[in-house]
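Peer 1: What follows is the residue order along each chain.
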Amino acid sequence: LAKTTQPISMDSYEGQEVNITCSHNNIATNDYITWYQQFPSQGPRFIIQGYKTKVTNEVASLFIPADRKSSTLSLPRVSLSDTAVYYCLVGGGGYNKLIFGAGTRLAVHP
Amino acid sequence: DTGVSQDPRHKITKRGQNVTFRCDPISEHNRLYWYRQTLGQGPEFLTYFQNEAQLEKSRLLSDRFSAERPKGSFSTLEIQRTEQGDSAMYLCASQGTYGYTFGSGTRLTVV
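Chains G and C, in that order, give the protein sequences. Positions 1 to 110 (our numbering) are the ones given, in order, by the first sequence. Positions 1 to 111 (our numbering) are the ones given, in order, by the second sequence.
Hints are computed from structural coordinates only; laboratory data are not their basis. Treat each hint with caution, since some may be false.
Claimed, not checked - Below 25 angstroms or equal to it, Euclidean Cα-Cα: the simulated PhoX-like pairs (lysine-lysine) are:
| # | chain 1 | residue 1 | chain 2 | residue 2 |
| --- | --- | --- | --- | --- |
| 1 | G | K69 | G | K3 |
| 2 | G | K3 | G | K97 |
| 3 | C | K14 | G | K97 |
| 4 | C | K11 | G | K3 |
Computed from a prediction, not measured in an experiment: that's the story for all the values here.
Working from the sequences, and respecting the hints, build out all of it.
Peer 2: Shown next as structure tokens:
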């Protein structure tokens, strides 16, 4: 399973766009990139998943360059409730135990 | 779909006692995982079930830890002779066609 590297923490203000970049230099051909969000005292929650180019859902966008060695999670117009830890994971489809790093602690300020 | 339920939400126990946690996965999910999470770290994989079969165990799962999933439904995680280092959040997740769903976890404090 490919190892990922992401910033330990980030700060933002309400209404701003936040971009969190994750490096995964050893990503395999059949690996997908998945982002999870975790609030204190809760389990991680799926945000978005992609393989290449751009994926958008009602919560976020995921940008993946052609070489797939990195990805960027984009959260538009964050609010205080987006304060959480965000994890970038890389792995294949089907059964694959999730391997979490330490994640990125995003703090959104008023 | 009521999600993944874990019970209890919090458990305080004295060192040396045994504790048991329960996880009720989403009913149609046949894969179930246990993770452990300590403060400031991401969840760490402990073990995995496909239906009632335990197919993989992490080396983190010492012989004091045992997990079961009778009849491929709910699962239990037991820790015997608890140690202070066992204090953590224990998370359960089930996997279906569209990905993983985590429970809210059981927070264990060993005093």
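Peer 1: Among the hints numbered above, which are violated by the structure, and what are their numbers in rising order?
Peer 2: Those not satisfied are hints 3 and 4.
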